[in-house]
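S.K.: Just so you know, the protein sequences line up as chains Y and W, in that order.
The first sequence: position 106 = 116 (our numbering), numbered continuously.
The second sequence: position 164 = 167 (our numbering), numbered continuously.
Everything labelled a hint here was simulated from the structure, so no lab data went into it.
What follows is a list of derived Cβ distance ranges for each label pair:
| no. | chain 1 | residue 1 | chain 2 | residue 2 | range |
| --- | --- | --- | --- | --- | --- |
| 1 | W | Pro80 | Y | Thr95 | 17 to 23 Å |
| 2 | W | Arg114 | Y | Thr95 | 15 to 21 Å |
| 3 | W | Asp164 | Y | Cys84 | 25 to 31 Å |
C-beta atoms are modelled at their ideal positions from N, C-alpha and C, and glycine is treated no differently.
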Amino acid sequence: MSARAWLLALTALLPVAALAQPAAPPSAAASSAFEGVADDARHVLGGPQGRGLSGPELDARTGQVAALLRCPVCQGLSVADSPSTAAQNMRHQIRDLLAAGYDDQQVMAYFESSYGEFVRLQPPLRGINWLLWIAPALALLGGGFVLARVTRRRAAAGAAPAAAPEPVAASIDPALAGYRDRVRALVHDEDEAATGASRKDRG
Amino acid sequence: VNRKVLLIGLAVVLPLAGILAVNIKRDPNPSLQRSPLVGRKAPPFTLTPVGGGAAVSLEGLRGHPVVVNFWATWCVPCFQEHAVLLRGARAHGAQVQFLGVVYEDEEERVRSFLSEEGMAYPSLLDTSGRTAIAYGVFGVPETYFIDADGAIAYKHVGPLDDATLEENIGRIAPRAVTEAR
Numbered sequence: 011m012s013a014r015a016w017l018l019a020l021t022a023l024l025p026v027a028a029l030a031q032p033a034a035p036p037s038a039a040a041s042s043a044f045e046g047v048a049d050d051a052r053h054v055l056g057g058p059q060g061r062g063l064s065g066p067e068l069d070a071r072t073g074q075v076a077a078l079l080r081c082p083v084c085q086g087l088s089v090a091d092s093p094s095t096a097a098q099n100m101r102h103q104i105r106d107l108l109a110a111g112y113d114d115q116q117v118m119a120y121f122e123s124s125y126g127e128f129v130r131l132q133p134p135l136r137g138i139n140w141l142l143w144i145a146p147a148l149a150l151l152g153g154g155f156v157l158a159r160v161t162r163r164r165a166a167a168g169a170a171p172a173a174a175p176e177p178v179a180a181s182i183d184p185a186l187a188g189y190r191d192r193v194r195a196l197v198h199d200e201d202e203a204a205t206g207a208s209r210k211d212r213g
Numbered sequence: 004v005n006r007k008v009l010l011i012g013l014a015v016v017l018p019l020a021g022i023l024a025v026n027i028k029r030d031p032n033p034s035l036q037r038s039p040l041v042g043r044k045a046p047p048f049t050l051t052p053v054g055g056g057a058a059v060s061l062e063g064l065r066g067h068p069v070v071v072n073f074w075a076t077w078c079v080p081c082f083q084e085h086a087v088l089l090r091g092a093r094a095h096g097a098q099v100q101f102l103g104v105v106y107e108d109e110e111e112r113v114r115s116f117l118s119e120e121g122m123a124y125p126s127l128l129d130t131s132g133r134t135a136i137a138y139g140v141f142g143v144p145e146t147y148f149i150d151a152d153g154a155i156a157y158k159h160v161g162p163l164d165d166a167t168l169e170e171n172i173g174r175i176a177p178r179a180v181t182e183a184r
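Modelling step: build the complete structure from the supplied sequences, incorporating the hints.
M.R.: Here is the structure:
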């Protein structure tokens, strides 16, 4: 296994915190400059595969896509969350690409073509990355299996020798302890009455 | 107890220790990873130079090797490498086109910087930041060496020194370096 694979395997054991990043509200500033966007994207991606968005739908989608991209000049912030100029420029670019009819996947691919897979906050499901996604589930299943086996074996081992039943007192709900004591006192009194030791009257 | 517990423990701990051992010296700085653009066609751009004048288009330079340097006046290493780039452009300007692309800076500051520090090639304004995005710029300075066919041969992150500049000009224009010697 390569160093990269090991690194990914390690990462797989950690909670994928990045997934929990909420989508930030779309950037308010609309890009006025449309120069050369389509040209550059066409150079990388070919033609748009979606329909051009506009209005609130465009705002919302821009925020969604920006939340999936890593701001290259920040430490662990998405393009949606970062106030940096670089992130702002990227949001404008996302917006223009979506408006031009490029779909989410194309927009992501556009940024990936220049920044590499690093720019995606969610590692895409391909190659060694599968490990990242399935390892937590496998670890959970494995853990559950081991736990089930151990519990079953313990249960089996515990059943064999006739273990002395645990005293009730040890396991009683503390809320009920008062009632138990009263019952005990009553029973005790009855016993004493039965043996004719004392107590003439009751209640 | 038990061998089994020990084995399971080792099975968990050893791979983790292995990962640590292999990666402990790795620099997590993403800008130092190999750019996906290396070996591919350089993203086209058409930008206006600082101080006005006709827009410069990369496509228009096809057939010439090009050095594209992303920089800013607020960037200290850029200041340090400026002299290196001036020397390089003066030595190889006939064979290699040098271009500066201003990254997140104001034209006025750039203009006064260049008039003080000297200028041997055009610096272009990337006001929308789109060219920096297209080139996957993480920060400045970053320098792209583009061969005569328009493909990116090398990306250098951080300030250039004379030797590194010469070496990489050699990649895109082998003759330029031997002639200059």
